[in-house]
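The whole structure should be built from the sequences, with the hints applied where relevant.
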Amino acid sequence: MALLSQELNDYIVGQTRFDDPIVLEMEERAARDGFPIIGPAVGPWLYFFTRLLKASHVFEMGSGFGYSTWFFARGIKDNGGGTVTHTVWDEGLSRDARGYLERSGLADQCDFQVSESVLALSGAASGIDIIFCDIDKEMYPNALDVVESKLKPGGLFICDNLLWDGKVMAATAEGDEATAGVKEITRMLRESPRWDFLLTPLRDGVGFARFNG
1030 MALLSQELND YIVGQTRFDD PIVLEMEERA ARDGFPIIGP AVGPWLYFFT RLLKASHVFE
1090 MGSGFGYSTW FFARGIKDNG GGTVTHTVWD EGLSRDARGY LERSGLADQC DFQVSESVLA
1150 LSGAASGIDI IFCDIDKEMY PNALDVVESK LKPGGLFICD NLLWDGKVMA ATAEGDEATA
1210 GVKEITRMLR ESPRWDFLLT PLRDGVGFAR FNG
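Numbering of the sequence shown is given in our numbering, commencing with residue 1030 and proceeding in unit increments.
Quick caveat, the hints were computed from the structure, so don't treat them as lab data.
One should not assume that every hint holds.
To be verified - 25 Å max Cα-Cα, derived PhoX-like pairs, lysine-lysine:
{"hint": "1", "residue 1": "Lys1083", "residue 2": "Lys1106"}
{"hint": "2", "residue 1": "Lys1179", "residue 2": "Lys1106"}
{"hint": "3", "residue 1": "Lys1179", "residue 2": "Lys1083"}
{"hint": "4", "residue 1": "Lys1083", "residue 2": "Lys1181"}
{"hint": "5", "residue 1": "Lys1181", "residue 2": "Lys1106"}
As structure tokens, then:
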């Protein structure tokens, strides 16, 4: 569901993209294999907020082969150091991510964990600056309690795919657990006094939520 013309999207990407050869290689892989990534329209936002918040501790829930991790790690390195935790259930994806980040000189900023993401977050230390969520959508609502227990007050929760290819516009999500999960976490973030929530039309809908504690 495109909210912008391809020409406008290309223009925006052209003003903000990182022309790093490893980033381009990962984008080419995603296009070739049909692997979902946040893409060049969203990646720079992750870097921007990492820098803006002076983040030193970022936790990714669902990291794929490390595309989003690259932007967090680059921001952390430019902030003076810290750690982004890359979590994925697949050992091959974790190994590939490590390879990309090592070749970029960013692996020292990364902690690679092969684990179910909510379980990994539950075992992490609290006081995290940014948590990024891109797990199975039906799991989104159940993840929020753990996110609230680990994110520091004033920290940022970034949640991907909140437009879910336009499926959120359906009158009911009955029988569609993924769409129901996306709509429910959006409602939870919007209605809770613990969050200041902003839903943006970036790519497939990226939610940014500041945790009030």
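- Failing hints, ascending? none
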